[in-house]
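In order, the protein sequences belong to chains A, B, C, D and E. Our numbering puts the first sequence at residues 1 to 292. Our numbering puts the second sequence at residues 1001 to 1339. Our numbering puts the third sequence at residues 2001 to 2242. Our numbering puts the fourth sequence at residues 3001 to 3241. Our numbering puts the fifth sequence at residues 4001 to 4401.
Read the hints as simulated data drawn from the structure, not as lab findings. Take the hints with a grain of salt, since some may be wrong.
Covered by chain E, per the in silico footprint, the following chain B stretches (three or more residues, Cβ under 8 Å) [said to hold, decoys possible]: (1) 1051-1063; (2) 1141-1150; (3) 1167-1173.
SDA-like, lysine to any residue: derived pairs with alpha carbons at most 20 Å apart [to be verified]: (4) E:Lys4256 / A:Asn133; (5) B:Lys1135 / E:Lys4256; (6) D:Lys3129 / C:Leu2017; (7) C:Lys2072 / B:Glu1198; (8) C:Lys2078 / B:Asn1206; (9) E:Lys4125 / B:Tyr1031; (10) B:Lys1112 / A:Lys60; (11) A:Lys60 / E:Gly4307; (12) B:Lys1315 / C:Asp2137; (13) E:Lys4125 / B:Glu1198; (14) C:Lys2130 / D:Lys3015; (15) E:Lys4144 / B:Asp1151; (16) D:Lys3228 / C:Val2171; (17) D:Lys3123 / C:Thr2139; (18) E:Lys4123 / B:Tyr1030; (19) A:Lys164 / D:Arg3107.
We treat Cβ as the ideally placed atom computed from N, Cα and C, and that holds for glycine.
As a plain string of letters, each chain reads:
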Amino acid sequence: MTFSLPVILQAVASGLMIGGVFALISIGLTLIWGVMKIINFAHGEFLMIGLYLAYFLVTKFGIDPYLTILITTPVLFFVGIGIFQVSIKPILKHPPMNQIMLTLGISLILQNLALVLFKADVLSVRTRYTGINYHFGGVVVTLTELIAFFGSILATLALYYILKTTDIGRWIRAAAQNPTAATLQGVDVRFTYLLAFGIGSACLGVAASLLLPFYYVSPTVGLFLGLIAFVVVVLGGMGNFLGAFVGGLIIGLTESLGAAIMPGSLSRVLTFGIFILFLLFRPQGILSRRQA
Amino acid sequence: MKQMKQYREFLVPLVVFALAAFLPLFLKTYYMHIAILILIWAYLATSWNILGGYAGQHSLGHGLYMGIGAYASTYLALEFGLTPWVGIFVGMAFAAIAGWFVGYAAFRYGLKGAYFALVTIALTEAAVYVVSNWKAMGGAAGLEVKYLGTDPFMMQFDSKLPYFYIILFMTLLAVLTAQWLNRRRFGYRLIAVRENEEAAEAMGVNTLGTKINANVLSAVMTAAGGTFFAQYFTYVGPRVVFGEVVSVQILLFAIIGGLGTVWGPLVGAVILVPVAEIARAELGTQFQGAHLLLYGGVLVFTMLFMPNGIVGLAKSIRARFGKTPDDTMSVSASEGGAS
Amino acid sequence: MTPLLEVKNLTKVFGGLTAVGDLTFHVDRGEIVGLIGPNGAGKTTCFNLLAGAMTPTSGSVHFKGEDVTGRKSHQMCKLGLTRTFQVVQPFPDITALENVMIGAFVRHGSTGAAERKAREVLDVVGIAHKADTLGRDLTLMELKRLEIGKGLATEPDLLLLDEVAAGLTPVEIDDILTLVRRLNSEGMTFLVVEHVMKVIMNLSHRIVVLNFGSQIAEGTPAEISKNPAVLDAYLGEEEYVA
Amino acid sequence: MLRVENVSVQYSAFKALHGVSIKVEQGQIVSIVGANGAGKSTLINTVSGLLRPTEGSITLDGVELTTMSAHDIVRHGVVQVPEGRKLFPDMTVHENLLVGGSHKRARAGRDEALTQVYDLFPKLLEREKQSARTLSGGEQQMLAIGRAMMSQPTILMMDEPSLGLAPIVVQSIFSVIQELRNRGLTVLLVEQNIRHSLQISDYAYVLETGTVALEGTGAAVLADEHTKAAYIGSPTGAETH
Amino acid sequence: GETTTTTTAAGTTDTTAAGTTETTAAMVDSVKIASLYPVTGDLAKLGEENVQGLKLAIEEINAAGGIKSMGGAMLELVEADSQGKPDVAISEVERLVQQEEVTAIIGTYQSSVAIPSTQAAEKLKTPFIVSMAVADTITERDFKYTFRICPKADWYAKDQVELLKDLKDLIGLDVKKVALLHEDTDFGESTATGQKKYLEEAGMEMVMEVAYPAAKADLTTEVSKIKAANPDVVLTVTYLNDSILIAQAREKLGMKQLFFDAAGGTIDPEFVARLGAGAEGILTEMEYTKYAAGAEVLNDKFSAAYGRDITGNGAYAYQAGYLIADALERAGSADREAVREALATTSMPTGPTMVLPTAVLEFGPDGQNMSAPLFVVQIQDGELIPVWPAEYAGAEIRIPE
Ligand SMILES: Nc1ncnc2c1ncn2[C@@H]1O[C@H](COP(=O)(O)OP(=O)(O)OP(=O)(O)O)[C@@H](O)[C@H]1O
Ligand SMILES: Nc1ncnc2c1ncn2[C@@H]1O[C@H](COP(=O)(O)OP(=O)(O)OP(=O)(O)O)[C@@H](O)[C@H]1O
Ligand SMILES: [Mg+2]
Ligand SMILES: [Mg+2]
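Same shape as in the complex, but just chain A:
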């Protein structure tokens, strides 16, 4: 075990960059949980859909990877809405385990549908942004990482603003806290759920386009990123946006700093360790107060 300063600094930089993306991936999950109290185990697979879409837009149509956001975001929005309508909506009131099983089923379906359609190839693109690096002292950060990082911050802020200050945001929060009461204030709760699910999924469209230039896509890509999203969401406090953002950064840092200082692949145990400790001792997450 060596603690060399350049390695640590590089780890911090890389951790922050990837942490930004983790945050963006997690925000949709936290939104959906916050509103419907549903843990979407198919979340990672939604991201996979976004990545495939972005990939084909780039390779088949030659669209700039960052311009694909204009397509991936609305498409994921509608994918989310579609899946919500046929499968989530009917079981909104069912016990949590049924919902977990249902979304697990959906994740199996999506994953293997991708396998049937696209084969198991691991696909990635080399864009014109690849290879542009910035050096800060000994630390290297790529342009694509920077764009993803700031893109994530922007998306988070935008979403936060919408939820906090607009009527739609208040509807979403009201429906989350008491659906019947919201209905009785003239809020169309089912529509609000639909919207929230759509927005939560659309976040993954943004994430996919930002991620593709320095990542890869395969049918199973959602497994790991989906799991990370859970960790981040718990860390940030389920349903808490800013928490998810901070949580994303923390997990990004944990993964990279853990790799810098821990032997073998034990750094992953660190990630789960944080997850478990938070669930046990601070289930309300890092930012929120404990509720009665």
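Given chain A's structure and the hints, the job is docking chains B, C, D and E with the ligands onto it.
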């Protein structure tokens, strides 16, 4: 007379399993293998059901206990030549300790529902990485039960028959345990905890203790299943016995069969295991992933159209024809939306 | 003789808020004591502290002469102190009989004995005919009775009733009054929280009034209904007859 | 203005309302009284569209509400203050009120309505930035009424607004109801506090196991012997409040 | 929905023309052979190529008249999916042997799957040809029914270090400090164990070892740890997705050292295709290269059928097809015991049906193919060019600038 009545509830399981004991007369070897698979998953799901179905604490991390059982007996056999007949109890003891700690840690701090599910999934996933990095446990490559041909002392047989009877007996015990819980104080306390912890506590139920006990009982039973699994497949690996995938599979059968019912896990396994096997054999290589697609489809279908599982559905059909449900432990999904 | 329940300087602070502050009172064997006060005065919190659902910040609770401060709910229940809930809390997926049996198991180990006890209790609270109805299918009135029955099944010496009359019609309230009086005459002690004055004024031998977590008055119903501090903080201008 | 005609409602196995008909006229306070489980909440929830009648019709000034979705009914001015308040506990008082006034018809006059509500309940203005879960029971009930007012209702339905409140708060809630009527609002009131509610009602219906057993002016119903025996109760405890 | 693929091409007429005795012809008309690879899950892509290689061989064998000694019996392929899971693989072995009654099984790609499934086959006394799965132990358990044609993990490590030793002579690079970077499953771990052993024997210093979980979002930190240790060469063991992340991190951190992979993700055509310039200069080992003599023919056939180049995976599975055909031919029966005997006495010399770059395919008493050489290739201008051993070298090793 009264004695008779008290034990009558055990009659049905005994008869069913006695009949099942004749199955080998009719089954070809490969079907014996399927029968054993069914029983393994039925056994594990029944064990899970005590915590998940009866006490309503949905553990997504039972792979942890299965792994402990599998690794303990296998390691002891390889390293010290200890017979798995003893190793199985060592594994159960370790699982009891793990189950107690997990139960205490989680329930002491009031974790429930989705949070409990997530913490257990994280624990079993973390176990995968710990074991993968643990050289004595074979690391990522896992441990292989040394092949000895037929050696009853080491729980190894070339024929399927002994395996079948061992797991049949284990499953019978598990079902009897579930049946026993159905009409006993501990069983009622499990349900009370599931239905309303605050009220249960106020009525003298030590909810923390009850949940921890349920977790320990469930863990211990699951670990025994793990040992059998290791002996039957003669191999244990971190991902094979620990981790999310196995854990989900364990509870799948209980959920699809019917949560919190005596027969649900068994019914779930009897129906689903062959479907999965056939799907893999028939579709597996025509399109990659097609059989798993089917699997996901079955899951989604069940959740959408039979939220209380197969046994739950059967019961509500029976209820419609005027019979009152006698299996009081079932959970029904609440109905209707807000608007 | 030591009182059945003795509360000394009981305090519970939530964050910065003192929900119960320095509360001292007692309940004697065989009494019915009323506990009233404005919304948020700390009555339910006080119940939670007595029944062991919460741990007090400071102060002590003695029950049957024993210091029971900080005991858990289930321990208190075994000692003979049981509470009902302001919002009824049935076990929805099991029958009324089984709901009550869970309480009966505190004193009875075998299923048979618990079932006999439970049937007896259902009879006492008047819902024996609903024994096989699922908790979720009972009406509010039946649930209120079930709530009392669940408490009774644990065979308590002291039963804490939290707003059992809320939401009932006056006639239904009369039924509950009769039931409590009868149980009291058979020797059971009660501590009752209620906003329905008809219940409080009729049942209580003694009333303790809380405001902002501490006691502002104590006395017989007649005294309380004339107490200016109580009128000002709680009762308002109207007349209440005991 | 509100007409409920011959409405029946069925819970899966159980029929809760059998052909109930009621009328509520502009500017009136109309009470519905009855035992627990008589079907009062069921009736209000049916008018609100949370439940669907198996037969009968509900109209507001001739507009058919029977099949309209619950949130649309609110947008048409039929607003409920639900039993048990049902606030948005983690939103501030202000935000709770804003949600009440956020549908299209209400949005135009939202600022005005807000001033009115704060005028009626100065306490709420004091607690504007506090989250709803930290309010006292009485304040919560005020917020629930205020939130409903934000929808600019033409008819306000209240389900047991005095439930679980201290007597002193109950008195103030009843004065608020009268104040609202004086401001021209129509109120449909469900109360267990029977004497008090009949005293302030222009008209009243007595529901018994899902049917209208008696109707008349508030005073008439209050004077009725049957009502007295069935709902006001025994002489041992004089009626409270 | 049968999973069997019977390929009865033009060859059938051949058989009759050859005039085999009618009795034998009537006895058996087909022999069932099973493939057991991961065709779903993470490694489906690799599993698929194995199956394709095997299919190609079987099609050719059948077209050429099947098993002549058995009256022109056709080979019938029963495909099975291990899902990459050991327990599933064991179930599949059970099914293939008991239900499908196959004569032999060919598999499995992952070692963690090969270990338990060969044991299952051993119990069922069914020959199991390991076309690809490198863990040393597979052929170190005194099994009678397990035969492996691919090299052992140990040999990959050994050849890697052999090349490092040669680098001084080849390009004047005197390798003193070596760093290891590998994924953390048994593939990475067992190969790394070999690497360490041979490095020590060669007197080279291991300055850093980094293991990482294969599913990771970013490997920059891991690679920067390696960079900080400043080795002369980096030995890696990878799967495809992590090899992509490593190459990206290498490029990003501007590392000039040679990266030398042990036949992991880097041999996937996708690796070069997607990374472009980012993949330049990476060395990797291959069990097979189309640049080897005679290999071009197979590669042409394969890419005509499946639209891509063949790698060691496909080639070894292809060889396994000819191996089983050879054994059946000599056994003259589909009896598992007879086939096992025949396999044990295999001696296939270089020739039309022997595509491995070895003089003769023979199994040791442990069932291990005794000589399975490895090539080292370097990615040069987007091509995998053989650079070692000298007799197969198509170019000189380049040091990245
Ligand atoms: N768990 C808790 N966390 C924080 N504050 C609490 C908690 N429980 C109660 N409180 C606060 O303590 C105070 C007393 O509440 P309590 O429920 O005891 O009142 P109460 O007298 O029972 O009122 P009511 O008559 O309305 O039922 C209130 O201000 C309440 O908001
Ligand atoms: N969701 C439901 N499912 C089945 N039955 C119900 C449901 N809700 C109410 N009921 C039944 O319908 C009848 C009328 O109930 P409702 O709530 O309308 O009565 P209420 O007059 O408002 O009584 P309360 O004074 O207790 O509020 C009762 O018998 C009740 O048990
Ligand atoms: Mg209270
Ligand atoms: Mg009601």
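Taking the hints in turn, this is what the structure says about them:
1. Three residues within the 8 Å Cβ limit are the bar, and the segment 1051-1063 of chain B against chain E gives 0, so the coverage statement is violated.
2. Only when three residues or more bring their CB closer than 8 Å to a CB of chain E does the claim for the segment 1141-1150 of chain B stand; here the count is 4, and the claim holds.
3. Given a C-beta distance limit of less than 8 Å, the hint that chain E covers the segment 1167-1173 of chain B is violated, as 0 residues qualify and 3 are needed.
4. For the hint linking Lys4256 of chain E to Asn133 of chain A, the alpha-carbon distance of about 16 Å falls within 20 Å, and the restraint holds.
5. Taking the CA atoms of Lys1135 of chain B and Lys4256 of chain E, the gap is about 34 Å. The hint is violated against a cut of 20 Å.
6. As the CA atoms of Lys3129 of chain D and Leu2017 of chain C are separated by approximately 17 Å, the hinted pair is consistent with the 20 Å bound.
7. For the proposed pair Lys2072 of chain C and Glu1198 of chain B, the alpha carbon gap of about 11 Å is at most 20 Å, so the pair holds.
8. A C-alpha spacing of about 10 Å is found between Lys2078 of chain C and Asn1206 of chain B, which places the hinted pair at or below 20 Å, so the restraint holds.
9. Between the alpha carbons of Lys4125 of chain E and Tyr1031 of chain B the distance comes to roughly 18 Å, so the proposed pair stays at or under 20 Å and holds.
10. Straight-line distance between C-alpha atoms of Lys1112 of chain B and Lys60 of chain A comes to about 47 Å, which puts the hinted pair past the 20 Å bound.
11. For the given pair, Lys60 of chain A sits about 19 Å from Gly4307 of chain E by alpha-carbon distance, which is consistent with the 20 Å threshold.
12. At roughly 18 Å between alpha-carbon atoms, Lys1315 of chain B and Asp2137 of chain C fall within 20 Å of each other, so this suggested pair holds.
13. A C-alpha spacing of about 60 Å is found between Lys4125 of chain E and Glu1198 of chain B, which places the hinted pair above 20 Å, so the restraint is violated.
14. Taken as a hint, the Lys2130 of chain C and Lys3015 of chain D pair is honoured in the structure, with Cα atoms around 18 Å apart against an allowance of 20 Å.
15. Restraint check for Lys4144 of chain E and Asp1151 of chain B: the C-alpha separation of about 19 Å stays at or below 20 Å, so the hint holds.
16. At most 20 Å may separate the alpha-carbon atoms for a hinted pair to count; Lys3228 of chain D and Val2171 of chain C meet this at roughly 10 Å.
17. This hinted pair does not check out: Lys3123 of chain D and Thr2139 of chain C have alpha carbons roughly 36 Å apart, beyond 20 Å.
18. Proposed proximity of Lys4123 of chain E and Tyr1030 of chain B is supported: the alpha carbons are some 14 Å apart, at most 20 Å.
19. Between Lys164 of chain A and Arg3107 of chain D the CA atoms are separated by roughly 18 Å; this keeps the pair inside 20 Å, and the hint holds.
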